[in-house]
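Participant: Chains as they are written, first to last, in this note's numbering: chain A, -2 to 427; chain B, -2 to 427.
Hints should not be assumed to be uniformly reliable.
If several chains are the same, the list does not tell them apart, and a pair holds so long as it fits within one copy or across any two.
List of simulated lysine-lysine pairs, PhoX-like, C-alpha gap at most 25 Å [said to hold, decoys possible]: (1) Lys201 / Lys147; (2) Lys291 / Lys280; (3) Lys79 / Lys280; (4) Lys79 / Lys339; (5) Lys339 / Lys291; (6) Lys147 / Lys339; (7) Lys201 / Lys280; (8) Lys339 / Lys201.
Hints were generated in silico from the structure; no laboratory data involved.
The residues making up each chain are set out below.
Protein chains: 2
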Amino acid sequence: MAQRLDARDASFPQAFAELLSAKREISEDVDQAVRAIIDDVVARGDQALIDYTRRFDALELDAGTLQISDAEIDAAEARCPKEALNALALAKERIEVYHRAQRPQDSMSTDALGVTLGWRWTALESVGIYVPGGRASYPSSVLMNAVPAKVAGVPRVTMVVPTPRGETNPLVLAAARLAGVDEVFRIGGAQAVAALAYGTASVKPVAKIVGPGNAYVAAAKRRVFGQVGIDMIAGPSEVLVIADGHANPDWIAADLLAQAEHDPVAQAILVTDSAGLADAVEKAVERQLETLPKAEIARASWQDYGAIILVERLDDAIPLVDRLAPEHLEIETENADELAAKVRNAGAIFLGSHTPEAIGDYVGGPNHVLPTARSARFSSGLGVLDFMKRTSILKCDADALRALGPAAIALGRSEGLEGHARSVAIRLNL
Amino acid sequence: MAQRLDARDASFPQAFAELLSAKREISEDVDQAVRAIIDDVVARGDQALIDYTRRFDALELDAGTLQISDAEIDAAEARCPKEALNALALAKERIEVYHRAQRPQDSMSTDALGVTLGWRWTALESVGIYVPGGRASYPSSVLMNAVPAKVAGVPRVTMVVPTPRGETNPLVLAAARLAGVDEVFRIGGAQAVAALAYGTASVKPVAKIVGPGNAYVAAAKRRVFGQVGIDMIAGPSEVLVIADGHANPDWIAADLLAQAEHDPVAQAILVTDSAGLADAVEKAVERQLETLPKAEIARASWQDYGAIILVERLDDAIPLVDRLAPEHLEIETENADELAAKVRNAGAIFLGSHTPEAIGDYVGGPNHVLPTARSARFSSGLGVLDFMKRTSILKCDADALRALGPAAIALGRSEGLEGHARSVAIRLNL
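Construct the entire structure; sequences and hints are all you get.
Facilitator: Below is the structure:
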């Protein structure tokens, strides 16, 4: 059973602060190991990849088999159930449409002084997508990472996916093809991140690495940040559901468990103004757990990190939401739109009782790569902008330089940068 | 004298690769020290800040003097030269106008299936700006960091600036006020970063930390990334100038030196198709160095990291630019616009002979916080988007869920996430 909090209790602020600071990250100290692996890949290239793949994935590769061939992808695709392929195609189409609308505008204009200025967006030249092997190998995540990169116009998208003992997930390869991934390597872990960042004979380096991974992958991404760009370091998934007394407790319970089944350290929280709903949801969770295949994981998550918070009025949920900054926020209340408008910090909002978060995970259109662990306070879900960058452009003519030059000279001198001042003054004969 | 390369030489690819990989970062290994400082600030709060400020800045503070008061800022402003204040005001106005145009659009629409979807941008709730003390304490950087935050709508902008032996730069405080900074603390180093990330009794925690700093600050930002957002880890500054035989060698030399005077590890590179210009610039640099106040720094930068690269045709400069991905790119050629259109990777482009980069440093309008060390391959200069985040929004009605649900169920099951599938199925009585 999840913990029950009441926002009207004197002990609530303390209990809520503890909920906020609960360490759900698995903080294995893998940094030294990761550093050695990266150095080794930089030094020995493909051979290091081959050695680590033998050691960690129990798979014997050579330079010729590091990459997964087109023929292998054909064969994988042929093994996929038709229904799943069709669902993937629908998902890809909707994700593409949603992300196309995110393509940014360039800007260029000339102001009253004669200064022409603005900016230009360009796609990254190359991107690496990390896809975990084993339990967390999700074809939907391949789409969510690769489609926005391709919508942005990235010409080379490289995917890496470990294949322990040679096992591949055929739907992952089908998703890669559907999304337009250009090349796929059967490598994983810190060694794959190192290869993408620094390149080897077989793996061309990329400009940015995205995608989730285990503690080694996260530590490796953190280490290569600067050499290449990275996306967020993803933490365990989380949902916060706001519901009122009209909500269907069975539906709410199903949504909480859909989150909890991800990971024993996933977090599902219900905030409600109805003690009746709270009780009913609690019972429904227990009942649904009886038949859920991943009940063991979901139960651990619900017991250790789940919470039901009672508030006096639904509006009281808003400051709690903003402090938690949940990855996913479901609002299943009568005034869902109004409440949503008051929220500052959330990765994604799902409105009304017919929008279970699982729709957004797969076929809604928005990205399911979202900020976790309270990082929705400062970051956004993955999108087209993550695969583009902006170059500012400035052009003065002689008159414009005459107008702006003296101020630049004054500021340069005030900062002790006489060379800056002179680069302007020399053009104005000052 | 800088090194001279000729793109037509057989040895050029190797020499250019060495130029690319030249380590200009000061890679002091300060990580362990920084970790201890952060832990100490988390444990001891204000008292740790007071102790480190005594030790590193030779300044005795107490809880009442950690913050710089409004009266002190008034007094600082009164000490600033009028000319510099006016120049700052012009700069602020132009930066504000430029960044206002960057404010992103929200999007919300309903598609043919009845799915309402889109996104909403919101400002971060709070931002910390790190401003270095001593040599690199630049009022212009205060504007460049704080103005976009305020344009984004950030309600609380907190600045930290170390004041060694109590010395403050009055223009830095004046710039903070002009930009609308809400509070200023006289702390610096890893301890200031820790305070901004985790909070102390006096310093409220922020959602994101931006601004340049030394190796300790950079290491601290890297460590607190995740707890808060951070901007790029800034490296030494750099300029690449493309010029043809029509360019004025004295102007070009002044631009190269304006970059070189920043730092002995700054980098200034000229790419030209004119051997005559190359020779003339080389001579002009030596001549101008004779009277430049920061000649020692500029000479070290020019000798150790400067380069003049001769190319057969100006178009041959483009792939070199894209590999170097310079922070600043000046194009002083007859067809400057055409060349600029072919560039993929550059932080900022300055077009024509009347746009010395120093204009962009101060009063052009675009941001001068730009990606260094080749990171323009994957990132942008600072802007309004760095102070906002996007929340995706999804809303299905019963019909829309009926249309999309089966595909979500199929994908959930194919990923082994039965709980995901059930959260949809339960609403469709499937």
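Participant: If a hint holds in the structure, say so; if it does not, say that too.
Facilitator: To see whether the hints hold, each was checked on the structure:
Only within a single protomer do Lys201 and Lys147 lie at most 25 Å apart by alpha-carbon distance; the minimum there is 18 Å, versus 41 Å between protomers. With identical chains, the CA atoms of Lys291 and Lys280 are at most 25 Å apart within one copy only, with a shortest distance of 18 Å there and 74 Å across copies. For the identical chains of this complex, Lys79 and Lys280 are neighbours neither inside a copy (37 Å) nor across copies (71 Å), given an alpha-carbon limit of 25 Å. In this homomeric assembly, Lys79 and Lys339 never come within 25 Å of each other (Cα to Cα): the closest approach is 43 Å inside a single copy and 44 Å across copies.
Taking identical chains as interchangeable, the C-alpha atoms of Lys339 and Lys291 are never at most 25 Å apart, the minima being 35 Å within one chain and 53 Å between chains. Taking CA atoms no more than 25 Å apart as the test, Lys147 paired with Lys339 passes between copies only; the shortest distance there is 20 Å, against 34 Å inside one copy. Taking CA atoms no more than 25 Å apart as the test, Lys201 paired with Lys280 passes in neither setting, with 53 Å inside one copy and 40 Å between copies. In this assembly of identical chains, Lys339 and Lys201 lie within 25 Å of each other by CA distance solely across copies; the values are 23 Å between and 46 Å within a copy.
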